[in-house]
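A.B. asks: Each chain is listed here by its residues.
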Amino acid sequence: MTSTLPEKVDPPDTAAAVPGELVVVMAHVKKSFETNHVLQDLSLELHKGENLVVLGRSGSGKSVLIKCLVGLEELDEGQVNILGQDVASLPNAELLLLRRRIGFLFQSSALYDSMTVRENLEFPLRRQPGKRTAAELEALVREALQNVGLEEAMERLPSELSGGMRKRLGLARTLILKPEIMLYDEPTTGLDAITSKEISKLILDVQWIYHTSSIIITHDIDCARRTANRIIVLQDGRCTAQGSFEELASAADPWTRSFFE
Amino acid sequence: MEASPAPATDSTGPTPVPAALRPDSWFKSFFLETASLARFTGRFFKEALLPPYEFEELLKQAFLIGYKSLPLVAITGFIIGLVLTIQSRPTLVRFGAISWLPAMVAVSLVREIGPVVTAIIFAGKAGSGIGAELASMNVSEQIDAMQVSGTNPFNFLVVSRVLAATVMLPVLVVFADALGLFGTFVGVNLQGDVSARLFVTQVFESLEFKDLLPALAKTFVFGWAVGVISCYKGFHSNSGTEGVGKATNSAVVFSIFMVLSLIWWPCS
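As they're listed, the protein sequences go chains B and X.
Mapping to our numbering: the first sequence position 200 is 200, numbers consecutive.
Mapping to our numbering: the second sequence position 245 is 245, numbers consecutive.
Don't read these hints as lab results, they were simulated from the structure.
These figures come from a predicted structure and were not determined experimentally.
Backbone N, C-alpha and C fix where the C-beta goes; we use that ideal spot for every residue, glycine too.
There may be inaccurate statements among the hints.
[To be verified] Straight line, CA to CA, 25 Å or less: simulated SDA-like cross-link-like pairs of lysine to any residue:
| # | chain 1 | residue 1 | chain 2 | residue 2 |
| --- | --- | --- | --- | --- |
| 1 | X | Lys60 | B | Lys48 |
| 2 | B | Lys131 | X | Glu54 |
| 3 | B | Lys67 | X | Asp144 |
| 4 | X | Lys60 | B | Gln85 |
| 5 | X | Lys60 | B | Glu136 |
| 6 | B | Lys178 | X | Asp144 |
| 7 | X | Lys68 | B | Lys67 |
| 8 | B | Lys67 | X | Asn238 |
| 9 | X | Lys60 | B | Arg126 |
| 10 | X | Lys246 | B | Leu72 |
| 11 | B | Lys67 | X | Leu58 |
| 12 | X | Lys28 | B | Asp76 |
| 13 | B | Lys67 | X | His236 |
| 14 | B | Lys67 | X | Lys28 |
| 15 | B | Lys48 | X | Lys68 |
| 16 | X | Lys28 | B | Ser32 |
| 17 | B | Lys67 | X | Arg43 |
| 18 | X | Lys60 | B | Glu160 |
| 19 | B | Lys131 | X | Ser136 |
| 20 | X | Lys46 | B | Lys48 |
| 21 | X | Lys46 | B | Ala88 |
| 22 | X | Lys68 | B | Asp113 |
| 23 | B | Lys67 | B | Pro124 |
| 24 | X | Lys46 | B | Leu90 |
| 25 | X | Lys68 | B | Phe259 |
| 26 | X | Lys60 | B | Pro158 |
| 27 | B | Lys30 | X | Lys60 |
| 28 | X | Lys46 | B | Gln128 |
| 29 | B | Lys131 | X | Asn152 |
| 30 | X | Lys68 | B | Thr116 |
| 31 | B | Lys131 | X | Ser239 |
| 32 | B | Lys67 | X | Asn152 |
| 33 | X | Lys46 | B | Thr116 |
[Claimed, not checked] Residues on chain X that point at chain B, a partial pick, calculated with CB under 8 Å:
| # | residue |
| --- | --- |
| 34 | Ser140 |
| 35 | Gln142 |
| 36 | Ala145 |
| 37 | Val148 |
| 38 | Gly150 |
Generate coordinates for the entire structure from the input sequences, incorporating the hints supplied.
C.D. replies: Structure follows, in structure tokens:
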């Protein structure tokens, strides 16, 4: 797949360091499911324009972390502040408005099975404030599909798409709302090496073109190397290390280093 | 003297009753489930009254729930009318009351059998469909995806389906009653000779609005109950394919249970 994002300047192959204001602050968050303590006093920060990769073994609480960020899981303790708003204290209507500024790519892509590709993309658009004409919707959908190289699949059902195409469609559906923050849950899981590389490139394209700040949950080291400005390592619901890819790859702690070997 | 061997004993004592089967646990989960369903119902009324209104989805669901259930409901209505007529005939013949056959079957059909049987068929057809669809959407994170895109999934998925079920069941009952009366006409003529004009006269002389209207009013409640319970079961399904199966199954079982409980609703 060749990305056809509508910019004259080619995006870089690796993420550029972009320190900026804080857009996500997670402070001393705890989350348990009965006796299973998934997140234990976890704190993290995301800067504007930054790609933060969260690495960890399966079951280390990575997916729960981003679900807590958007209020899909309630916190037991701690605080999550996104774009200056305390997520836990927001009423439902305001939480829905905040979520429109956040994109979420699910591990399974979470496409609406009963809708075509076009309807999947129109769905969030139709529920945004302000009336759009059919021509405007068509143009936005076409542009979003072009951005991820899927314009030929507009009238197909999600069940007719391959794994990589489903990921790209999930990404297009997220980007169509022009989010300020992107959350990727295992974006390359279940994909072959070439498609994984394409998705990693697409994540960089999104950061470059849309100026998004992203949290990327993964255990794919190649994806982490390509996309990360900064990496944190999660172990048993705690952040045990953080730094650049190179710093963590040569860390003193053998457990942290084992991810990169 | 050699000591006799001690009788074999189970060091762990009697086998403990699994937690899910203990009466205290059963009562606890029953009340928790009831409270959760009550909250869900309360939320339905709140969300149904507040914008945004998903008219397009409501129409789509009305088509899917109503139109797609029509063939099954129509066949069931026809068969019930036919069988009821054939089975009632010998008894009425014995008492010399054969001329009452169309009227008797018509009143039974319109007052009780039509609404209840149609509601049970509806619970099986539409209730299972709603439960399975919402449960699989839950399992595949589609409901979460709606939430994170700033859409209220309760409004879009639950309110539209419950309203569609509430509106469409009475329509289906009218069809079932009409086909049931046609089945009665066929049944009467299998062993006799009653003209269509005479049949219609006999049926409508015996039927009054007080037979039809309370029965129809009741079907709105049946439809609403099937919709709420099926949506609740689907919306709160556990993860995994097993959760989808359980949600579908319990959506049908509890919907039928609720329909049978509501037979005694005051309109009866």
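A.B. asks: Each hint needs a verdict: does it hold in this structure or not?
C.D. replies: A quick look at each hint next to the structure:
1. Lys60(X) / Lys48(B): 42 Å, violated
2. Lys131(B) / Glu54(X): Holds, at about 15 Å.
3. Lys67(B) / Asp144(X): Since the Cα atoms of Lys67(B) and Asp144(X) sit roughly 9 Å apart, the hinted pair holds (cutoff 25 Å).
4. Lys60(X) / Gln85(B): At roughly 37 Å apart (the allowed maximum being 25 Å), Gln85(B) and Lys60(X) break the hint.
5. Lys60(X) / Glu136(B): 24 Å, holds
6. Lys178(B) / Asp144(X): 19 Å, holds
7. Lys68(X) / Lys67(B): With Cα atoms ~37 Å apart, Lys68(X) and Lys67(B) exceed 25 Å; violated.
8. Lys67(B) / Asn238(X): Between Lys67(B) and Asn238(X) the Cα gap is close to 17 Å, so the pair holds against 25 Å.
9. Lys60(X) / Arg126(B): 16 Å, holds
10. Lys246(X) / Leu72(B): Distance of about 23 Å is within 25 Å: holds.
11. Lys67(B) / Leu58(X): 30 Å, violated
12. Lys28(X) / Asp76(B): 23 Å, holds
13. Lys67(B) / His236(X): 17 Å, holds
14. Lys67(B) / Lys28(X): 29 Å, violated
15. Lys48(B) / Lys68(X): 51 Å, violated
16. Lys28(X) / Ser32(B): 22 Å, holds
17. Lys67(B) / Arg43(X): 23 Å, holds
18. Lys60(X) / Glu160(B): 23 Å, holds
19. Lys131(B) / Ser136(X): Roughly 31 Å between the alpha carbons, so the hint for Lys131(B) and Ser136(X) is violated.
20. Lys46(X) / Lys48(B): Since the Cα atoms of Lys46(X) and Lys48(B) sit roughly 38 Å apart, the hinted pair is violated (cutoff 25 Å).
21. Lys46(X) / Ala88(B): 22 Å, holds
22. Lys68(X) / Asp113(B): Roughly 19 Å between the alpha carbons, so the hint for Lys68(X) and Asp113(B) holds.
23. Lys67(B) / Pro124(B): Since the Cα atoms of Lys67(B) and Pro124(B) sit roughly 19 Å apart, the hinted pair holds (cutoff 25 Å).
24. Lys46(X) / Leu90(B): Given that 25 Å is the threshold and the Cα spacing comes to 19 Å, the pair holds.
25. Lys68(X) / Phe259(B): 53 Å, violated
26. Lys60(X) / Pro158(B): Holds, at about 20 Å.
27. Lys30(B) / Lys60(X): 42 Å, violated
28. Lys46(X) / Gln128(B): Holds. Lys46(X) to Gln128(B) sits at ~21 Å (cutoff 25 Å).
29. Lys131(B) / Asn152(X): 18 Å, holds
30. Lys68(X) / Thr116(B): Holds, at roughly 21 Å.
31. Lys131(B) / Ser239(X): Not OK: Lys131(B) and Ser239(X) at ~36 Å, beyond 25 Å, violated.
32. Lys67(B) / Asn152(X): 16 Å, holds
33. Lys46(X) / Thr116(B): Given pair Lys46(X), Thr116(B) is violated - Cα atoms ~31 Å apart, limit 25 Å.
34. Ser140: 6 Å, holds
35. Gln142: 5 Å, holds
36. Ala145: Holds - the Cβ of Ala145(X) comes within 8 Å of chain B, reaching about 4 Å at its closest.
37. Val148: 4 Å, holds
38. Gly150: 4 Å, holds
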